[in-house]
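For the record, the sequence lines run as chains G and C. If you want my numbering, it's the 1-based position in the first sequence plus 2. If you want my numbering, it's the 1-based position in the second sequence plus 345.
For the record, the hints were derived by calculation from the structure and aren't laboratory data. Where hints are given, some of them may not hold.
Listed next, the in silico DSS-like pairs over lysine-lysine satisfying Cα-Cα at most 25 Å (straight line) [to be verified]:
| # | chain 1 | residue 1 | chain 2 | residue 2 |
| --- | --- | --- | --- | --- |
| 1 | C | Lys402 | C | Lys422 |
| 2 | G | Lys44 | G | Lys239 |
| 3 | C | Lys579 | C | Lys560 |
| 4 | G | Lys102 | G | Lys171 |
| 5 | G | Lys10 | G | Lys102 |
| 6 | C | Lys579 | G | Lys239 |
| 7 | G | Lys101 | G | Lys171 |
| 8 | G | Lys10 | G | Lys101 |
| 9 | C | Lys355 | G | Lys102 |
| 10 | G | Lys101 | G | Lys44 |
| 11 | G | Lys101 | C | Lys485 |
| 12 | C | Lys485 | G | Lys10 |
Here the structure is a predicted model, which means the values were calculated and not measured.
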Amino acid sequence: MKLNQRQKARVLLVFSVLFLAGVAVAGVLCHDAAMVTDFSRKNLTPCLTYPFGTDWLGRDMLYRTLTGLSMSILIGVCAACVSAVMALLLGIAAAVFGKKVDAVISFVIDGIMGIPHILLLILISYACGKGLKGVIIGVALTHWTSLARLIRAEVMQLRQSEYILIAEKLGQSKWKIAVKHMLPHLLPQFLVGLVLMFPHAILHESSITFLGFGLSSEQPAIGVILSESMTYLIMGKWWLALFPGIMLVLTVVLFDLGGNALRSLLDPNSVHA
Amino acid sequence: MKHNLLFAGKNFIRMILLLAAVSVATFALVSASPIDPLQANVGQAALGSMSEAQKEKLRSYWGVDEPPVQRYLNWAKDALRGDFGTSLLYRQPVTSVIAVKLSNSLFLLVIAWIISGLLGFLLGVIAGVFRGRPADRLVKGYCLVIASTPAFWLALLLLLIFSVWLKVLPIGLSVPIGMEASGVTFLDRVRHAILPALTLSITGISNVALHTREKMIDIMESDYVLFAQARGEKAGSIVRRHALRNVLLPALTLQFASISEIIGGSVLVEQVFSYPGLGQAAVAAGTGSDVPLLMGITLITAAIVFLGNFIANLLYGVVDPRIRKGGRRT
Numbered sequence: 003m004k005l006n007q008r009q010k011a012r013v014l015l016v017f018s019v020l021f022l023a024g025v026a027v028a029g030v031l032c033h034d035a036a037m038v039t040d041f042s043r044k045n046l047t048p049c050l051t052y053p054f055g056t057d058w059l060g061r062d063m064l065y066r067t068l069t070g071l072s073m074s075i076l077i078g079v080c081a082a083c084v085s086a087v088m089a090l091l092l093g094i095a096a097a098v099f100g101k102k103v104d105a106v107i108s109f110v111i112d113g114i115m116g117i118p119h120i121l122l123l124i125l126i127s128y129a130c131g132k133g134l135k136g137v138i139i140g141v142a143l144t145h146w147t148s149l150a151r152l153i154r155a156e157v158m159q160l161r162q163s164e165y166i167l168i169a170e171k172l173g174q175s176k177w178k179i180a181v182k183h184m185l186p187h188l189l190p191q192f193l194v195g196l197v198l199m200f201p202h203a204i205l206h207e208s209s210i211t212f213l214g215f216g217l218s219s220e221q222p223a224i225g226v227i228l229s230e231s232m233t234y235l236i237m238g239k240w241w242l243a244l245f246p247g248i249m250l251v252l253t254v255v256l257f258d259l260g261g262n263a264l265r266s267l268l269d270p271n272s273v274h275a
Numbered sequence: 346m347k348h349n350l351l352f353a354g355k356n357f358i359r360m361i362l363l364l365a366a367v368s369v370a371t372f373a374l375v376s377a378s379p380i381d382p383l384q385a386n387v388g389q390a391a392l393g394s395m396s397e398a399q400k401e402k403l404r405s406y407w408g409v410d411e412p413p414v415q416r417y418l419n420w421a422k423d424a425l426r427g428d429f430g431t432s433l434l435y436r437q438p439v440t441s442v443i444a445v446k447l448s449n450s451l452f453l454l455v456i457a458w459i460i461s462g463l464l465g466f467l468l469g470v471i472a473g474v475f476r477g478r479p480a481d482r483l484v485k486g487y488c489l490v491i492a493s494t495p496a497f498w499l500a501l502l503l504l505l506i507f508s509v510w511l512k513v514l515p516i517g518l519s520v521p522i523g524m525e526a527s528g529v530t531f532l533d534r535v536r537h538a539i540l541p542a543l544t545l546s547i548t549g550i551s552n553v554a555l556h557t558r559e560k561m562i563d564i565m566e567s568d569y570v571l572f573a574q575a576r577g578e579k580a581g582s583i584v585r586r587h588a589l590r591n592v593l594l595p596a597l598t599l600q601f602a603s604i605s606e607i608i609g610g611s612v613l614v615e616q617v618f619s620y621p622g623l624g625q626a627a628v629a630a631g632t633g634s635d636v637p638l639l640m641g642i643t644l645i646t647a648a649i650v651f652l653g654n655f656i657a658n659l660l661y662g663v664v665d666p667r668i669r670k671g672g673r674r675t
């Protein structure tokens with residue numbers, strides 16, 4: 003069977019959505035199983051019953067990984083949605099409400115981009131008194147900058163387009179122009195930006211929990227699992243780090259591929275490619 | 346020349362303003378924290394046994410009794426004179442802690458920055474020129490996987506392979522354990538820096554390569570390249586004479602913009618390798634509630650990033666003759 007570009011993209015998109023939803027649901031379902039400790043089966047290398055092996059407390063690493071990933075996916079999705087909406091609002095505001103607002107927003111974007119992302123997450127997590135709340139707020143509030151820049155540039159171009167100029171001449175309010183004429187035009191880019199934000203959000207969520215900010219150590223978050231594995235790595239327990247890491251990379255890659263598939267589906271030009 | 350100076354001056358002022366804004370924002374974040382500096386540093390038990398007068402004294406020592414705006418102004422006044430306060434974890438002035446840590450980190454950062462920049466540029470150019478061919482697919486696949494790989498996991502993998510299995514490189518730290526500072530040779534330091542620098546370089550390449558590739562594709566599809574091909578120029582000479590010059594400018598921006606990412610990555614990588622650099626100090630300051638150190642590190646890294654952008658802006662004029670000419674005409 004020969005598939006064309008768009009059919010391939012559609013298959014890829016459906017596959018990655020199914021996989022990610024599957025991981026998210028499976029993780030929630032085996033949350034309890036992930037906490038079970040059983041000293042009769044500790045430190046097992048990967049085998050058929052325990053494909054990811056077990057850790058020093060006899061916890062099943064497959065369940066722990068799934069639970070951690072589902073938590074990462076959920077946090078990533080929530081945070082990316084918040085960030086994307088912020089980016090949309092600020093990007094439009096910067097382009098519509100004149101030069102002063104634009105200068106202020108651009109200044110803020112530059113300032114936020116000046117602090118390395120991880121450091122900013124540490125600061126926000128500290129400001130929230132650490133814990134899960136700090137991680138979610140931090141990831142949600144820091145990812146909007148680059149998308150906001152993109153949307154701002156797009157709106158700047160749109161403002162010069164004829165149908166917007168005509169709408170202005172017809173005396174429509176700025177608000178109406180923004181909502182009625184600009185928003186539909188920006189929607190595809192916004193959606194793609196939103197989906198492509200997931201992988202970043204997930205990576206940063208796992209990084210910040212890896213560093214020890216946020217979740218407590220008995221929680222099965224992917225960052226916590228990996229940072230614990232670091233202690234046991236030197237004793238040759240490679241499976242503690244390898245499989246959870248591969249799953250994390252797979253998740254992020256699938257989000258990325260899914261986002262790019264969505265982009266080519268939403269872009270009418272890709273029909274001819 | 347006058348125009349150049351004006352341009353540089355404007356950029357410089359913007360940089361200072363941004364830095365001031367960052368310091369205000371950082372201070373606001375730090376003081377919004379519900380973590381009480383007294384409890385964090387004196388400890389609950391000690392605090393309970395103290396008299397009210399002693400507590401009052403401590404409060405004024407930590408400046409908790411003043412309103413945040415006053416505290417910020419005090420801090421800023423000292424910071425302008427170069428005094429960032431005393432680190433609570435290291436019991437040394439923040440500036441000297443940062444100086445030591447930064448010099449450790451710079452070693453890594455500069456190596457990784459140069460390697461990732463050069464290799465990323467090279468791979469990006471190759472992928473852009475041979476678009477759609479195996480070489481391009483290889484580079485693209487590599488970039489996708491690496492961009493999706495958290496730096497700390499890559500560091501763990503490298504640690505596992507080279508230090509635990511092959512046992513060719515040390516597991517962590519920046520110098521051998523149990524050795525006097527005078528006995529540490531330069532080679533020891535290099536050996537300890539290989540893995541962290543390698544991790545940082547590998548992760549840094551993907552971003553630079555992907556962006557360079559896109560620019561390169563744009564250029565290869567442009568009319569002047571088409572014309573050069575029509576004249577019968579060979580691919581090598583087209584790349585050398587037409588493409589490279591034009592891709593240099595965006596590559597320069599990218600290279601300087603990647604500073605922030607490399608510093609961010611170094612926080613994670615230093616944590617894995619227990620490398621005593623700025624990143625590890627930042628994490629320690631964050632978990633240990635060392636507010637002065639956290640603020641100092643944030644400001645210094647932000648300053649480095651802004652300085653990088655500033656230099657990139659200045660270099661435009663040097664690299665791109667169009668910008669220079671545009672300046673002379675006005």
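>> Please list, smallest to largest, the hint numbers that this structure does not respect.
In response: 5, 6, 8, 10, 11
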